[in-house]
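Throw the hints in and build the complete structure from the sequences for me.
Protein sequence lines, in the order shown, are assigned to chains A and B.
Each step along the first sequence adds one to the number in the working numbering, with nothing skipped, and position 363 is 363.
Each step along the second sequence adds one to the number in the working numbering, with nothing skipped, and position 351 is 351.
Take the hints with a grain of salt, since some may be wrong.
Pairs count within a copy or across copies, as identical chains cannot be separated in the list.
Stated by the list, open to error - List time: in silico DSS-like cross-link candidates among lysine-lysine, alpha-carbon distance up to 30 Å:
1) LYS318 with LYS2
2) LYS34 with LYS393
3) LYS393 with LYS117
4) LYS34 with LYS5
5) LYS47 with LYS127
6) LYS425 with LYS2
7) LYS35 with LYS5
8) LYS47 with LYS425
9) LYS5 with LYS117
10) LYS35 with LYS318
11) LYS5 with LYS47
12) LYS34 with LYS318
13) LYS425 with LYS274
14) LYS95 with LYS117
15) LYS393 with LYS274
16) LYS117 with LYS318
17) LYS318 with LYS425
Honestly, the hints are just simulated from the structure, not real lab data.
There are 2 protein chains.
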Amino acid sequence: MKIVKVEEFDLRREVEYGSAEQNEAVRTIVSDVKKEGDAALLRYTEKFDGVCLEPAGLRVTQEELQAAYSQVEPSFVEAISAAAANIRAFHLRQKRNSWMDLQPDGSLLGQIIRPLKRVGVYVPGGKAAYPSSVLMNVIPAQVAGVPEIVMVTPPATGGKAGIDPYILVAAAEAGVHEIYRVGGAQAVAALAYGTDTIEPVDKICGPGNIYVALAKREVYGVVDIDSIAGPSEIAVLADDSADPAYVAADLLSQAEHDEMASAILVTPSEAFAKACQAEVERQLAELPRRDIARASIRDYGAVILVDSVEAGIGVINKLAPEHFELIVEEPMAYLGLIENAGAIFLGPYSSEPVGDYFAGPNHIIPTNGTARFSSPVDVDDFIKKSSLIYYSKEALLQNGATIVELARREGLEGHARAIEIRLLKEGKAGTNNDNQ
Amino acid sequence: MKIVKVEEFDLRREVEYGSAEQNEAVRTIVSDVKKEGDAALLRYTEKFDGVCLEPAGLRVTQEELQAAYSQVEPSFVEAISAAAANIRAFHLRQKRNSWMDLQPDGSLLGQIIRPLKRVGVYVPGGKAAYPSSVLMNVIPAQVAGVPEIVMVTPPATGGKAGIDPYILVAAAEAGVHEIYRVGGAQAVAALAYGTDTIEPVDKICGPGNIYVALAKREVYGVVDIDSIAGPSEIAVLADDSADPAYVAADLLSQAEHDEMASAILVTPSEAFAKACQAEVERQLAELPRRDIARASIRDYGAVILVDSVEAGIGVINKLAPEHFELIVEEPMAYLGLIENAGAIFLGPYSSEPVGDYFAGPNHIIPTNGTARFSSPVDVDDFIKKSSLIYYSKEALLQNGATIVELARREGLEGHARAIEIRLLKEGKAGTNNDNQ
Numbered sequence: 001m002k003i004v005k006v007e008e009f010d011l012r013r014e015v016e017y018g019s020a021e022q023n024e025a026v027r028t029i030v031s032d033v034k035k036e037g038d039a040a041l042l043r044y045t046e047k048f049d050g051v052c053l054e055p056a057g058l059r060v061t062q063e064e065l066q067a068a069y070s071q072v073e074p075s076f077v078e079a080i081s082a083a084a085a086n087i088r089a090f091h092l093r094q095k096r097n098s099w100m101d102l103q104p105d106g107s108l109l110g111q112i113i114r115p116l117k118r119v120g121v122y123v124p125g126g127k128a129a130y131p132s133s134v135l136m137n138v139i140p141a142q143v144a145g146v147p148e149i150v151m152v153t154p155p156a157t158g159g160k161a162g163i164d165p166y167i168l169v170a171a172a173e174a175g176v177h178e179i180y181r182v183g184g185a186q187a188v189a190a191l192a193y194g195t196d197t198i199e200p201v202d203k204i205c206g207p208g209n210i211y212v213a214l215a216k217r218e219v220y221g222v223v224d225i226d227s228i229a230g231p232s233e234i235a236v237l238a239d240d241s242a243d244p245a246y247v248a249a250d251l252l253s254q255a256e257h258d259e260m261a262s263a264i265l266v267t268p269s270e271a272f273a274k275a276c277q278a279e280v281e282r283q284l285a286e287l288p289r290r291d292i293a294r295a296s297i298r299d300y301g302a303v304i305l306v307d308s309v310e311a312g313i314g315v316i317n318k319l320a321p322e323h324f325e326l327i328v329e330e331p332m333a334y335l336g337l338i339e340n341a342g343a344i345f346l347g348p349y350s351s352e353p354v355g356d357y358f359a360g361p362n363h364i365i366p367t368n369g370t371a372r373f374s375s376p377v378d379v380d381d382f383i384k385k386s387s388l389i390y391y392s393k394e395a396l397l398q399n400g401a402t403i404v405e406l407a408r409r410e411g412l413e414g415h416a417r418a419i420e421i422r423l424l425k426e427g428k429a430g431t432n433n434d435n436q
Numbered sequence: 001m002k003i004v005k006v007e008e009f010d011l012r013r014e015v016e017y018g019s020a021e022q023n024e025a026v027r028t029i030v031s032d033v034k035k036e037g038d039a040a041l042l043r044y045t046e047k048f049d050g051v052c053l054e055p056a057g058l059r060v061t062q063e064e065l066q067a068a069y070s071q072v073e074p075s076f077v078e079a080i081s082a083a084a085a086n087i088r089a090f091h092l093r094q095k096r097n098s099w100m101d102l103q104p105d106g107s108l109l110g111q112i113i114r115p116l117k118r119v120g121v122y123v124p125g126g127k128a129a130y131p132s133s134v135l136m137n138v139i140p141a142q143v144a145g146v147p148e149i150v151m152v153t154p155p156a157t158g159g160k161a162g163i164d165p166y167i168l169v170a171a172a173e174a175g176v177h178e179i180y181r182v183g184g185a186q187a188v189a190a191l192a193y194g195t196d197t198i199e200p201v202d203k204i205c206g207p208g209n210i211y212v213a214l215a216k217r218e219v220y221g222v223v224d225i226d227s228i229a230g231p232s233e234i235a236v237l238a239d240d241s242a243d244p245a246y247v248a249a250d251l252l253s254q255a256e257h258d259e260m261a262s263a264i265l266v267t268p269s270e271a272f273a274k275a276c277q278a279e280v281e282r283q284l285a286e287l288p289r290r291d292i293a294r295a296s297i298r299d300y301g302a303v304i305l306v307d308s309v310e311a312g313i314g315v316i317n318k319l320a321p322e323h324f325e326l327i328v329e330e331p332m333a334y335l336g337l338i339e340n341a342g343a344i345f346l347g348p349y350s351s352e353p354v355g356d357y358f359a360g361p362n363h364i365i366p367t368n369g370t371a372r373f374s375s376p377v378d379v380d381d382f383i384k385k386s387s388l389i390y391y392s393k394e395a396l397l398q399n400g401a402t403i404v405e406l407a408r409r410e411g412l413e414g415h416a417r418a419i420e421i422r423l424l425k426e427g428k429a430g431t432n433n434d435n436q
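Okay, structure coming up:
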């Protein structure tokens, strides 16, 4: 893990998504499913997953869901259920009410807040099938009140088209209503446009490979999508009060995700930098996913030396990391200075996996510097707002002339007349009104 | 205006954005500005706006802003200032606080809510320069607390590179901090990537022509963007209690925007349908923008006959219109049934232009059916949230084993070890703890 001065380090990296060929392939799949529905869905499932299904076989049955519980350890059910309870409690605190502002002239203005009606959650198959991701995508939708939460996930290749029982248990604990064994760009297209078997949704979320990501981008506008996640990132700002072994372990916990993951330590202490560097090497040697983690640390890892903790916060604000651990004396004292970070972990016991699995806040967090303008997934991602305007006759008579003036100024005479026609009729008919 | 039965009407229309040539042109402009900065910006300004500028001339001066006030009528300043006050009051009610949940084990969990740091607002030039749009884009950002709000708008072609004084006054009243006379895809690129003269922003919003829309899509990810607005839409659900002249005027107020605008009346009364149809014809004949409005009514307008007001609400929910007027007896009684509508106008005095200009709710509202999953612009569009996790030692010792189990289940040993290394050290050192 290289040690660099802050001015030597490029704080912004650009990540490109997808080749022209991949984009083209995805556009074909999406267009086929849009046109042909289930037929295309099944054809691509056979092609990519090597699984031959009938339309009726797409949906995972209640029996399979029940059977999954007997295929996993009871301790897993307990753990996932405890995590789900924490995540639910945290997201419940984000719920907002519709509101109205009652004006003295009798008008009502407000915002109506409603859940989305139908949401699709993509869950990757194989090694990237993470039960925790199921919870993090589904629970905010459930807390928002979404009445129809649909999960899609690719069937195990070959064999009996099974779904990982851990994923099924997580889906049940989180509150998924329908599950379909279909994956890839074809699953995204089915959720967006609907088929005979799968009703279309209003929003698609959840992680996936490049084809899934490109398909989500392709259908954006027809439905809403969550953001396209880039490689995982952690930045730790630590001083001599921190334990280098803890910090090294936290850096590696992100580096093991992906060769392109980024793990960065920012520190004002050269001694701590060196101690941490040595710890990373020591722990790397024993890590099962050391090949991935080593590539990540080599290509995207760094220790950045800064003059002070405050200067370190400045670096963090430029990085806008997905995960930010602040392990210094009195971390709370710096909270006001942190402008850009998706999730902030304070102090030595807030190891990043605490947030990945258990504490309650969402683990789907903006990557690639987008914490400058976006936020972790929460209940707000599964609601929609409508403005409410109930204008009283009194309010219209009082303010109509001003509205007419503004409309005419913009050359929109039709707008002006929609008000004026009322002012003329109601003003004449009106009783205690001096404006007309 | 044709009268149709509900089953004869296609409730979803698809709008395509931009030809291949337009996309290619925009990509070239964006890439040039990204590479060459001010030089490309000035070159394209000369090419498209016929205006030759030095970098120093890009920024609108304080003197120009002051001068604008003397170029507009005092009644306009009063009107725009009254509108700004209403819009500000409505958006102030949306402000949210950062919050923390204090756990009995000493942990703190929460969400930090902060304004975006720098926002760019695009304002079209020429006939599409609407002072009201300036207010609607800028005030939510200002209420959110955004410290740097930048406006870009194309200079008047030829001549002295002036900016419409009404736009400048609206910008000043709304609270814009910097104004640059530059437009088109080049302005969007400058806001996204920055040049020597224009610092990059975190989010770009505001309406524009197809080149502006495509450029926003092109830079999405580098910065956030607002949604790409489609043609304006109004749907009115009215019964015999409504005044056909009011409803016709409201339909035309949207139809006059754009040949592609859509104005739809839904009614259970055939008599009302016919009366309104006749009123539309009568008012159309006298409307200055009648050519536009007539094309809109012919191609995208309709009167849809339904069996009841409730059935009409069902049609509205499928349309998910940008603007929805409900002019029936006791409109409030139906509020709970309305699922999809960007802005809801209740009763005979809530004419749609009331919301366009004055009442307070935002007039930037989802179009093209996207009210199913998105919302009018509000303060939430200019904030970002960070999760906060401060885990206590007690919490970690209590829950660490569960977190380790979940991490191992996902094959992420590095995650498990980041927790375990702490459990080992702290558990040993710990006093009243039975878990280790």
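Requested in this report: Could you place LYS95 and LYS117 in one of the four classes (within, between, both, neither) given a Cα distance threshold of 30 Å?
Outcome: Both: 16 Å inside a chain and 26 Å across chains, each within 30 Å.
**Report entry** Homomeric proximity label, LYS47 with LYS127: Cα distance no greater than 30 Å
**Finding:** within (20 Å within a copy, 53 Å between copies)
Query - Same-copy or cross-copy closeness of LYS393 to LYS274 [CA-CA at most 30 Å] - result: Between. Shortest inter-copy distance 26 Å satisfies the 30 Å Cα cut-off; intra-copy 73 Å does not.
Query raised in the report: Should LYS5 paired with LYS117 be assigned to within, between, both, or neither, using CA atoms and 30 Å as the limit?
Result: between (50 Å within a copy, 26 Å between copies)
Query raised in the report: How do LYS34 and LYS5 come out at 30 Å by Cα distance, when the copy is not named: within, between, both, or neither?
Result: between (52 Å within a copy, 27 Å between copies)
Query raised in the report: Given a CA cutoff of 30 Å, do LYS35 and LYS5 count as a within-copy pair, a between-copy pair, both, or neither?
Result: between (55 Å within a copy, 27 Å between copies)
**Report entry** Intra- versus inter-copy proximity for LYS425 and LYS47 (alpha-carbon distance at most 30 Å)
**Finding:** Classified as neither: same-chain Cα gap 68 Å, cross-chain 51 Å, threshold 30 Å.
Report task. Please work out whether the CA atoms of LYS5 and LYS47 approach to 30 Å or closer within one copy, between two copies, in both situations, or in neither? Result -> neither (50 Å within a copy, 44 Å between copies)
Query raised in the report: Given a CA cutoff of 30 Å, do LYS35 and LYS318 count as a within-copy pair, a between-copy pair, both, or neither?
Result: Answer is between: at 21 Å across copies they meet the 30 Å cutoff, but 45 Å inside does not.
Query - Homo-oligomer pair classification [LYS393, LYS34; C-alpha up to 30 Å] - result: So LYS34 and LYS393 fail the 30 Å test inside a copy (48 Å) and across (53 Å) alike.
Requested in this report: Have a look at LYS425 and LYS274 and pick one of within, between, both or neither, based on CA distance no larger than 30 Å.
Outcome: between (82 Å within a copy, 21 Å between copies)
**Report entry** LYS117 and LYS318: within-copy, between-copy, both or neither at 30 Å Cα
**Finding:** Classified as between; 12 Å across copies, 38 Å inside a copy.
In this structure, the earlier hints numbered 2, 3, 8, 11, 17 are contradicted, and the remaining ones agree with it.
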